[in-house]
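S.K.: The working numbering numbers the first residue of the sequence shown as 261 and each following residue consecutively.
Misleading hints may appear alongside valid ones.
[Said to hold, decoys possible] As a list, the in silico DSSO-like pairs of lysine-lysine whose alpha-carbon atoms are at most 27 Å apart:
(1) Lys443 <-> Lys471
(2) Lys413 <-> Lys396
(3) Lys474 <-> Lys413
(4) Lys335 <-> Lys381
(5) Lys427 <-> Lys474
(6) Lys443 <-> Lys518
(7) Lys443 <-> Lys474
(8) Lys335 <-> Lys434
(9) Lys494 <-> Lys471
(10) Lys434 <-> Lys494
(11) Lys443 <-> Lys427
(12) Lys474 <-> Lys434
(13) Lys381 <-> Lys413
Since the hints were derived computationally from the structure, they do not count as laboratory data.
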Amino acid sequence: MAEQQSRRVIPFPGLKDRLVERGLDMLQNQENVEAISLLEQALEIDEQDAAAGTSLAVAYYENNQWSESAELCEKMLRNGSGEYEELVELYVMNLIQLRRFDEIASFIQPLLEENELDPEKAARLQSLINLGQEQKDVREAEDESFQSFQLQKDLEQQMIQAAALAKQNIRPMKNDIISEIEKDGTHPFIKTLLLNILREQGVPDETVICKWGKEISVSPAELLEPFDQELYQKAAAILADNSDHPQLTEIASELLQKHAFLLYPFTWRVDSPAVISAAYQRLAREYMGEENPFNDFDHTEFLAEIRRLEKVEMV
Numbered sequence: 261m262a263e264q265q266s267r268r269v270i271p272f273p274g275l276k277d278r279l280v281e282r283g284l285d286m287l288q289n290q291e292n293v294e295a296i297s298l299l300e301q302a303l304e305i306d307e308q309d310a311a312a313g314t315s316l317a318v319a320y321y322e323n324n325q326w327s328e329s330a331e332l333c334e335k336m337l338r339n340g341s342g343e344y345e346e347l348v349e350l351y352v353m354n355l356i357q358l359r360r361f362d363e364i365a366s367f368i369q370p371l372l373e374e375n376e377l378d379p380e381k382a383a384r385l386q387s388l389i390n391l392g393q394e395q396k397d398v399r400e401a402e403d404e405s406f407q408s409f410q411l412q413k414d415l416e417q418q419m420i421q422a423a424a425l426a427k428q429n430i431r432p433m434k435n436d437i438i439s440e441i442e443k444d445g446t447h448p449f450i451k452t453l454l455l456n457i458l459r460e461q462g463v464p465d466e467t468v469i470c471k472w473g474k475e476i477s478v479s480p481a482e483l484l485e486p487f488d489q490e491l492y493q494k495a496a497a498i499l500a501d502n503s504d505h506p507q508l509t510e511i512a513s514e515l516l517q518k519h520a521f522l523l524y525p526f527t528w529r530v531d532s533p534a535v536i537s538a539a540y541q542r543l544a545r546e547y548m549g550e551e552n553p554f555n556d557f558d559h560t561e562f563l564a565e566i567r568r569l570e571k572v573e574m575v
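Turn these sequences into a full structure, and let the hints steer you where they fit.
M.R.: Put into structure tokens, the structure is as follows:
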């Protein structure tokens with residue numbers, strides 16, 4: 261018994277309030293992970309503290325931890341802790357994010373049927389039901405529209421399409437995406453974008469990549485990120501060390517990154533990071549107006565590859 265008592269943590273006076281205060285500061289600065297840590301500590305000290313509980317629920321929501329936020333809101337509503345309307349609204353917003361649309365009406369409708377709510381509060385609850393239904397309709401329409409995929413002709417529109425895919429579950433249309441990647445006429449930049457989306461979503465299906473006169477069959481799920489490839493990282497590190505000419509380094513690094521993305525999942529025809537970094541330093545000097553910086557550059561085939569990459573139309 262004495263041993264158990266010795267292990268009890270007795271909080272300093274005012275510690276809980278200080279944790280809540282600091283947590284709110286972090287939340288306001290969008291430092292959500294730090295806010296969560298502080299507010300969880302505050303709630304451990306006093307599970308009934310409404311300010312700590314509500315703030316933690318908000319921090320969970322802002323950090324996309326919707327299940328944790330919904331669970332905490334539900335617990336506080338059950339216990340009668342916190343500002344009722346604020347918690348109800350936050351709870352519903354979590355249900356929307358979790359796509360648990362049917363639970364919104366089933367949660368709010370009994371409250372409306374109590375007939376003890378003032379008209380303003382009843383109208384607000386009804387608006388939350390309507391919001392949930394609207395979001396359900398929108399999500400269902402999005403799901404339906406993303407059952408298939410085909411690139412438009414305009415490159416800028418293709419960029420928009422690819423950006424939209426990154427936010428969707430692409431598995432219903434993965435075969436269409438792979439088909440677009442495998443087409444000879446697909447822009448190399450768009451091929452990289454689509455391949456990277458397959459990689460991010462863990463699609464293992466065999467995909468044949470034809471770029472720059474090369475062909476390879478890959479499983480996107482097993483690929484490295486474009487800028488995690490060893491050859492790129494080593495060349496980029498050499499460029500970064502050239503601190504004597506920051507503007508030159510910045511231009512060279514941007515060009516290196518652009519070309520690495522265009523080449524992906526391939527890399528340059530040379531495998532020397534020193535040669536690659538030297539080439540992009542020269543290219544940056546050319547961009548800055550220097551004439552003939554490649555005059556004494558011996559790697560003619562590699563230079564031809566860089567020139568080819570430079571000619572690629574970008575949005």
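S.K.: The structure should be examined with respect to each hint, and the outcome stated for every one.
M.R.: Here is how each hint holds up against the structure:
no. : hint              : result
1   : Lys443 <-> Lys471 : 10 Å, holds
2   : Lys413 <-> Lys396 : 31 Å, violated
3   : Lys474 <-> Lys413 : 24 Å, holds
4   : Lys335 <-> Lys381 : 21 Å, holds
5   : Lys427 <-> Lys474 : 30 Å, violated
6   : Lys443 <-> Lys518 : 22 Å, holds
7   : Lys443 <-> Lys474 : 14 Å, holds
8   : Lys335 <-> Lys434 : 40 Å, violated
9   : Lys494 <-> Lys471 : 23 Å, holds
10  : Lys434 <-> Lys494 : 33 Å, violated
11  : Lys443 <-> Lys427 : 23 Å, holds
12  : Lys474 <-> Lys434 : 23 Å, holds
13  : Lys381 <-> Lys413 : 51 Å, violated
Violated hints, listed in ascending order, are 2, 5, 8, 10, 13; each of the other numbered hints is respected by the structure.
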